[in-house]
Amino acid sequence: MILQGTLINTLAVLAGASLGALLGNRLPARISKTLFVAIGLFTLYMGMQLSLDMRDPIIGLLSLISGGLIGSALRLDERLRNLIQRFHPTSGKNETTGSTETAEMERNATKHAGPGALQDKAEKESQAISEEGSNQLSRSIQGILNAFLLFCVGSMTVLGCLEEGMGRGPDILYAKSVLDGISSVALAAALGGSILFVAVPLFLFQSVLTLAAHYISPYLGPWEMSHLSGVGGLLLLGLALEILELKSVKVLNLLPALIIAPFMANLSDVLLGTPF
1 MILQGTLINT LAVLAGASLG ALLGNRLPAR ISKTLFVAIG LFTLYMGMQL
51 SLDMRDPIIG LLSLISGGLI GSALRLDERL RNLIQRFHPT SGKNETTGST
101 ETAEMERNAT KHAGPGALQD KAEKESQAIS EEGSNQLSRS IQGILNAFLL
151 FCVGSMTVLG CLEEGMGRGP DILYAKSVLD GISSVALAAA LGGSILFVAV
201 PLFLFQSVLT LAAHYISPYL GPWEMSHLSG VGGLLLLGLA LEILELKSVK
251 VLNLLPALII APFMANLSDV LLGTPF
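Under our numbering, the residue at position 177 of the sequence shown is numbered 177, and the numbers go up by one with no gaps.
Check each hint, because a few of them may be wrong.
As the list claims (entries may be wrong) - No more than 20 Å apart at the CA atoms, straight line, and that leaves these computed lysine to aspartate or glutamate pairs for EDC-like:
id : residue 1 : residue 2
1  : LYS247    : ASP53
2  : LYS247    : GLU78
3  : LYS250    : ASP56
4  : LYS33     : GLU245
5  : LYS250    : ASP53
To be verified - Using C-beta positions, here's what the derived DEER-type ranges look like:
id : residue 1 : residue 2 : range
6  : ALA73     : SER207    : 22 to 32 Å
7  : THR34     : VAL270    : 40 to 50 Å
8  : LEU220    : GLN49     : 18 to 28 Å
9  : PRO222    : ALA29     : 40 to 50 Å
10 : VAL270    : ARG26     : 54 to 64 Å
11 : VAL270    : ILE31     : 45 to 55 Å
12 : LEU19     : LEU220    : 32 to 42 Å
13 : LEU220    : MET48     : 18 to 28 Å
14 : LEU74     : LEU267    : 20 to 30 Å
15 : TYR45     : LEU220    : 19 to 29 Å
Honestly, the hints are just simulated from the structure, not real lab data. Beta carbons: idealized from backbone N, C-alpha and C, even for Gly.
Please model the complete structure; the sequences and the hints are all you need to start from.
Here's what the structure looks like:
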């Protein structure tokens, strides 16, 4: 079965996210934070290891620059954030809650109309509620983005789908399923059941990659694969910086580099020859 690895991966994320959502606040914040640090460090390690597979760093650099220009022009990061915000259930909930409490405060302020202090206090509390809801939504959106990137971006995803698509077995995707399952527990415990929705784009993304690999694999040699793997590793490094909260990196805008890298490597091979 050609999509066996992707199915197992999707089920692992659903199971992990369900467990994390059930645990919720019962999972101490220090444990959740420690899990995120562990995930971030392991992602950093994977990124460093895979980026060293790149045989010609110039090709990787040009791929990242070209991919970044395309991704920024298409506003991939911004569009996905807006899409998540549109369909994220927390958005409506926060707006409704905020509106209800704001209306109540305004009624109280009007009822006791007299000194302006009460009305000023109501306005400040209303603003605080609005900011809190906005911050919570922003954290949820960033968490979903990080989950999507963690599960779907990187050489482990691409190489695993390529391996399975080329008929070499789903072993890489099995290993990825374990990592994603553990990661989804921590993410869902911190951000709630919304992480379950990441399973949908994960399944679609990996299915498309696996099926595409079945048809393009004859055209990808070791030279092209090394740069695909290397660029994926660099994207994982950017994701690790985001998870560890060291630097805000819009990895989504760099995603086109994964498509450009093998083509640029092939072009380099045709024009200049393979130097290694």
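Status of each hint after checking the structure:
1. Proximity of LYS247 to ASP53 is assessed by CA-CA distance (about 24 Å); at most 20 Å being required, the pair is judged violated.
2. Among the hinted pairs, LYS247 with GLU78 is consistent with the structure: their alpha-carbon atoms are about 17 Å apart, no more than 20 Å.
3. In summary, the hint linking LYS250 to ASP56 is not supported, as the alpha carbons are separated by about 24 Å, beyond the 20 Å threshold.
4. For the proposed pair LYS33 and GLU245, the alpha carbon gap of about 11 Å is at most 20 Å, so the pair holds.
5. For the given pair, LYS250 sits about 23 Å from ASP53 by alpha-carbon distance, which is inconsistent with the 20 Å threshold.
6. The hint said 22 to 32 Å for the Cβ distance between ALA73 and SER207, and at roughly 27 Å that hint holds.
7. Distance hint for THR34 and VAL270: a CB-CB separation of about 49 Å, consistent with the stated range 40 to 50 Å.
8. LEU220 and GLN49 have their C-beta atoms about 20 Å apart, which keeps the hinted 18 to 28 Å range intact.
9. Between PRO222 and ALA29, the C-beta spacing of about 45 Å keeps the proposed range 40 to 50 Å intact.
10. Separated by about 58 Å at the C-beta atoms, VAL270 and ARG26 satisfy the suggested range of 54 to 64 Å.
11. Separation of VAL270 from ILE31 is about 52 Å and conforms to the stated range, judged on CB atoms against 45 to 55 Å.
12. Take LEU19 and LEU220: their Cβ atoms lie about 37 Å apart, and the range 32 to 42 Å holds.
13. Separation of LEU220 from MET48 is about 23 Å and conforms to the stated range, judged on CB atoms against 18 to 28 Å.
14. Between LEU74 and LEU267 the beta carbons are some 22 Å apart, a value that agrees with the proposed interval 20 to 30 Å.
15. Taking 19 to 29 Å as the suggested C-beta distance range, the pair TYR45 and LEU220 conforms, at roughly 25 Å.
Consistency with the previously given hints fails for numbers 1, 3, 5, ordered from lowest to highest.
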